[in-house]
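Going line by line, the protein sequences match chains A and B. Residue numbers for the first sequence follow numbering that gives the first Met the number 0, so the first one is 0 and each next one is one higher. Residue numbers for the second sequence follow numbering that gives the first Met the number 0, so the first one is 0 and each next one is one higher.
Hints are computed from structural coordinates only; laboratory data are not their basis. Please read all numbers here as calculations on a predicted model, not as lab measurements. You may find that some hints are simply not true.
[What the hints assert, rightly or not] Stretch-level coverage of chain A by chain B, calculated; a stretch enters the list once three of its residues show a Cβ under 8 Å from a Cβ in chain B:
1. 15-24
2. 136-149
[Stated by the list, open to error] Calculated lysine to aspartate or glutamate pairs in the DMTMM-like style (CA-CA distance at most 25 Å, straight line):
3. B:K79 x A:E398
4. A:K417 x B:D85
5. A:K360 x A:E340
6. B:K79 x A:E345
7. A:K417 x B:D291
Here a beta-carbon is modelled for each residue, glycine too, at the ideal position from N, C-alpha and C.
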Amino acid sequence: MGVISTGADWDFDLLERYDAAIATIAHGEFHLDTYANQIEVITSEQMLDAYAASGLPVGYPHWSYGKEFIRNEQAYRRGMQGLAYEIVINSDPCIAYLMEENTVTTQALVIAHACYGHNSFFKGNALFRQWTAADAIIDYLVFARRYVMQCEERHGSPAVEEIIDACHALMHHGVDRYRRPAPLSLKAEAARLAEREAYRERQFNDLWRTVPTTAAHDRTKAPPSFPREPQENVLYFVEKFSPRLEPWERELVRIVRKLAQYFYPQAQTKVMNEGWATFWHYTITHRLHETGQVDDGFMFEFLKSHTNVVYQPPFDSKFYGGLNPYALGFAIFSDLRRMCEVPTAEDRAWFPQIAGGDWQKVLDFAMRNFKDESFIAQYLSPRLIREMRLFAIADHRGEDALKVDAIHDDQGYRRVRKLLALQHANEERVPDIQVLRYDRDGDRSLTLRYAQRRGRSLDEAAQEVVVHLRRLWGFPVRVETWEDDAHQVHLGAIAA
Amino acid sequence: MAHLIDRRLNDRGKSAVNRERFLRRYKTHVQEAVKKMIGERKLSDLEQGGEVRVPRKDVSEPSFNFNHGGDRERVFPGNKEYTTGDRIPRGDGDGGGGNGSQGGEGNGQDDFVFSLSREEFMQIFFDDLALPRLARTEFGQAQSTKSIRSGFARTGVPANLAVVRTMRQALARRIALTGALAREMLGLQEAFAVATAVGHAEAAARLYDEMQRVERRRYSIAFLDDPDMRFRNRVSRPEPVARAVMFCLMDVSASMDEEKKDLAKRFFSLLYLFLTRKYGTVDLVFIRHTDDAEEVDEDTFFHDPRSGGTVVFTALELAEKIRTARYSSGWNVYAAQASDGDAFGADPARSARFLREKLLPSLRYYTYLELTPGHSDARPSSLWAEYERLVEVENGRFAMRRASAREEIYPVFRDLFRKEASA
Numbered sequence: 000m001g002v003i004s005t006g007a008d009w010d011f012d013l014l015e016r017y018d019a020a021i022a023t024i025a026h027g028e029f030h031l032d033t034y035a036n037q038i039e040v041i042t043s044e045q046m047l048d049a050y051a052a053s054g055l056p057v058g059y060p061h062w063s064y065g066k067e068f069i070r071n072e073q074a075y076r077r078g079m080q081g082l083a084y085e086i087v088i089n090s091d092p093c094i095a096y097l098m099e100e101n102t103v104t105t106q107a108l109v110i111a112h113a114c115y116g117h118n119s120f121f122k123g124n125a126l127f128r129q130w131t132a133a134d135a136i137i138d139y140l141v142f143a144r145r146y147v148m149q150c151e152e153r154h155g156s157p158a159v160e161e162i163i164d165a166c167h168a169l170m171h172h173g174v175d176r177y178r179r180p181a182p183l184s185l186k187a188e189a190a191r192l193a194e195r196e197a198y199r200e201r202q203f204n205d206l207w208r209t210v211p212t213t214a215a216h217d218r219t220k221a222p223p224s225f226p227r228e229p230q231e232n233v234l235y236f237v238e239k240f241s242p243r244l245e246p247w248e249r250e251l252v253r254i255v256r257k258l259a260q261y262f263y264p265q266a267q268t269k270v271m272n273e274g275w276a277t278f279w280h281y282t283i284t285h286r287l288h289e290t291g292q293v294d295d296g297f298m299f300e301f302l303k304s305h306t307n308v309v310y311q312p313p314f315d316s317k318f319y320g321g322l323n324p325y326a327l328g329f330a331i332f333s334d335l336r337r338m339c340e341v342p343t344a345e346d347r348a349w350f351p352q353i354a355g356g357d358w359q360k361v362l363d364f365a366m367r368n369f370k371d372e373s374f375i376a377q378y379l380s381p382r383l384i385r386e387m388r389l390f391a392i393a394d395h396r397g398e399d400a401l402k403v404d405a406i407h408d409d410q411g412y413r414r415v416r417k418l419l420a421l422q423h424a425n426e427e428r429v430p431d432i433q434v435l436r437y438d439r440d441g442d443r444s445l446t447l448r449y450a451q452r453r454g455r456s457l458d459e460a461a462q463e464v465v466v467h468l469r470r471l472w473g474f475p476v477r478v479e480t481w482e483d484d485a486h487q488v489h490l491g492a493i494a495a
Numbered sequence: 000m001a002h003l004i005d006r007r008l009n010d011r012g013k014s015a016v017n018r019e020r021f022l023r024r025y026k027t028h029v030q031e032a033v034k035k036m037i038g039e040r041k042l043s044d045l046e047q048g049g050e051v052r053v054p055r056k057d058v059s060e061p062s063f064n065f066n067h068g069g070d071r072e073r074v075f076p077g078n079k080e081y082t083t084g085d086r087i088p089r090g091d092g093d094g095g096g097g098n099g100s101q102g103g104e105g106n107g108q109d110d111f112v113f114s115l116s117r118e119e120f121m122q123i124f125f126d127d128l129a130l131p132r133l134a135r136t137e138f139g140q141a142q143s144t145k146s147i148r149s150g151f152a153r154t155g156v157p158a159n160l161a162v163v164r165t166m167r168q169a170l171a172r173r174i175a176l177t178g179a180l181a182r183e184m185l186g187l188q189e190a191f192a193v194a195t196a197v198g199h200a201e202a203a204a205r206l207y208d209e210m211q212r213v214e215r216r217r218y219s220i221a222f223l224d225d226p227d228m229r230f231r232n233r234v235s236r237p238e239p240v241a242r243a244v245m246f247c248l249m250d251v252s253a254s255m256d257e258e259k260k261d262l263a264k265r266f267f268s269l270l271y272l273f274l275t276r277k278y279g280t281v282d283l284v285f286i287r288h289t290d291d292a293e294e295v296d297e298d299t300f301f302h303d304p305r306s307g308g309t310v311v312f313t314a315l316e317l318a319e320k321i322r323t324a325r326y327s328s329g330w331n332v333y334a335a336q337a338s339d340g341d342a343f344g345a346d347p348a349r350s351a352r353f354l355r356e357k358l359l360p361s362l363r364y365y366t367y368l369e370l371t372p373g374h375s376d377a378r379p380s381s382l383w384a385e386y387e388r389l390v391e392v393e394n395g396r397f398a399m400r401r402a403s404a405r406e407e408i409y410p411v412f413r414d415l416f417r418k419e420a421s422a
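Let the hints inform the model, and build the full structure from the sequences given.
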């Protein structure tokens, strides 16, 4: 096979040929399972637009997107921020935006990265499969936009804005983390009742009637509080039970909740998702080179971009801005492949099921069944901890100095791995706040409970969020803070 | 196989609506900024975009988040010398190494800064301003036309084809034309049946040919024919436009020092921008006066230095002369006057009388701006005192304000041209 192109310029014909070459390798050789691809070439201005809408092609109008747009535009114009080469949307067909300014090498890299890497991740990963409907999202967004605009026409945009503002404040507390049981059909419900009745009849024994009981005065006690168990999806609870909301307002709450749910897997799989896509653009491009379809010049440019993407500055560098998810994810996936291909004694001891296995199967399994937290806990190897020289710092109340908790040595591997995994857990980003009580028969107030762990309180913005929640609820709202340990100490409350 | 789409030519202003919403939400901040900018700017770059600052606190979107503090562990890359158990003194910034991520969370109290484009700036600038008492009834010659629908035409461009109407025409034509043939066919068929029944072979053959001919004619009737075509028709109807003229009267006498002139020019610049931006069809007449009045073009009016004595009356007289000559009927007439009010002898009284008797009855609105730099609580000028009586008599038609500093010009201007709450 000959070289596909030389030089930096691209045209649509070339993009098509690169895409075909990459598809052959990705599908044929590496068996990546992807949605169909839709590649759209856009300008930098359009990229800024896409940024503002969190990458979504359609969005409902809201001032916060305008703010985001202005912020990005300013940063870009002043040269403080570059633009991404691409944005990819979890939809079916999978839409990828490519910037027109990219060179042909970058376009090829981006096609491999987004259209085959991210795309196969969206299709395969359990979290995405469970929580997003790739084939329906665009339609839903179109519906949401139209609905919000209709509401604005009918009820005025200030009223709509107030609701959406309030919902945005609670967006992270508007996701389900476990599936709700599907509601029973009328028939199933009737069958269940009949079954219980039959069981009771079979078990009937008149003797029980004669046993003295204290139940009589138990019944006079207060009715059980509602909801029976704490609910973590605050927006869902508001949507279903708010005593004040109009039907259209409930629908708005629902729209924001659905969007939050759509983004829920993305935040939790950043390392995996980026690592997976980076691993594949790296692997696929190398295959292109090995089969002689791209020349050395292409590879040099590719490697320059690639190394930029996976660079991890050390903690004391002025460029340090946290762990780079691209670097970490790429390192773990590459390490998995290495363990399969050239396992060491250490690998055999730590990962007996993986060492020496079929790397494609191992990677595929890893991609499908984990999120960042469990992925790191499962696959971060001692060798990688050494290579990245990872160490953990403990910052505890009442200590006048920070302490080095664990480093990359035999005693520290498991500890570092566990801490890094916890650092990527959802609980690390989103405080644990649940609906505790809705005083349905009294003053209709709503009580939430913040389970505080390890002395980490809520910051001052919480007061504003409670005000927003009160707006949605219409009656007094309280957020109680409880120390979440054996003692269950009540630490205070915010109310509005 | 991927589907490639070139979106580069698509609409790029996707975020414009959200941007506009943002501006609307922070309108008070933006207006405050615009007010300040107008006070600070040079006359020549009055009409430009500018930067707006909004305190970060006001644009924040709150959510439940963790406070700093509490017990936590963080993992960092690139360890060099630390071993387990080392203690690192807490430091601010990068001093002690380690806790780098906490400082970088962006909790700085910087303002949220963004720039307004020229158009946005002008829009905010003239927001809620209007010419008072503008009567739509004062129609002049029709200048604009509006295209409206009017029935259907037999000719037109394909884009205007009225499909349903055309199909209806075609259907009617087909029914009309085939009806007679169908009846003829029926007759022929009966005759043919009779002819074959009695064995009249020759007649049958002739009838058969005849049937063939009718059948052919039936098929040759077009499904759609040129006479069926109907096109949506549009005609342009003249739209009446309100005509208005604004007289700008500026005192450039010697008593008007540079500072006062700057204030006056600033006021008229705003007025000029306001009218040219908002009303495409407003005529402007520039009159400047010393002891003598002259009509000048806008360039001379704003940029030419000149000075001399003061006779207000001459300017009013000239305005009235121009009005009767050019704008005698069918016009909404406005006038704005800026002066320091330094008039001598009989001039103020004469001017006020002239204004009341001659000029005001034919005017919609007259504004007078008195410039008193430095000491705004100074004694009112003789002209001010004379004019003050007019305010009571000519309520609503005559307005006067004083301004003493640059930053007062814009508020005064807004005040004078505030949109009335639906008259």
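- [ ] Count residues of the segment 15-24 of chain A with a Cβ under 8 Å from any Cβ of chain B, then say if the count reaches three.
- [x] Coverage by chain B holds for the segment 15-24 of chain A (4 residues, Cβ < 8 Å).
Open item on the list: Run the distance test for A:K360 versus A:E340: straight-line Cα separation, threshold 25 Å.
Closed with: Holds - the C-alpha atoms of A:E340 and A:K360 are around 12 Å apart, at most 25 Å.
Open item on the list: Please check whether the segment 136-149 of chain A has three or more residues whose CB lies within less than 8 Å of a CB on chain B.
Closed with: violated (count 0)
Task: Holds or violated: B:K79 to A:E398, with C-alpha atoms at most 25 Å apart - done: holds, 23 Å
Open item on the list: For a C-alpha distance cap of 25 Å, please report whether B:K79 and A:E345 respect it.
Closed with: This hinted pair holds, its Cα atoms lying about 23 Å apart.
- [ ] With a cut-off of 25 Å on the C-alpha distance, tell me whether A:K417 and B:D85 pass.
- [x] holds, 20 Å
Task: Given pair status - B:D291, A:K417, alpha carbons within 25 Å - done: violated, 91 Å
In this structure, the hints that do not hold are numbers 2, 7, in rising order.
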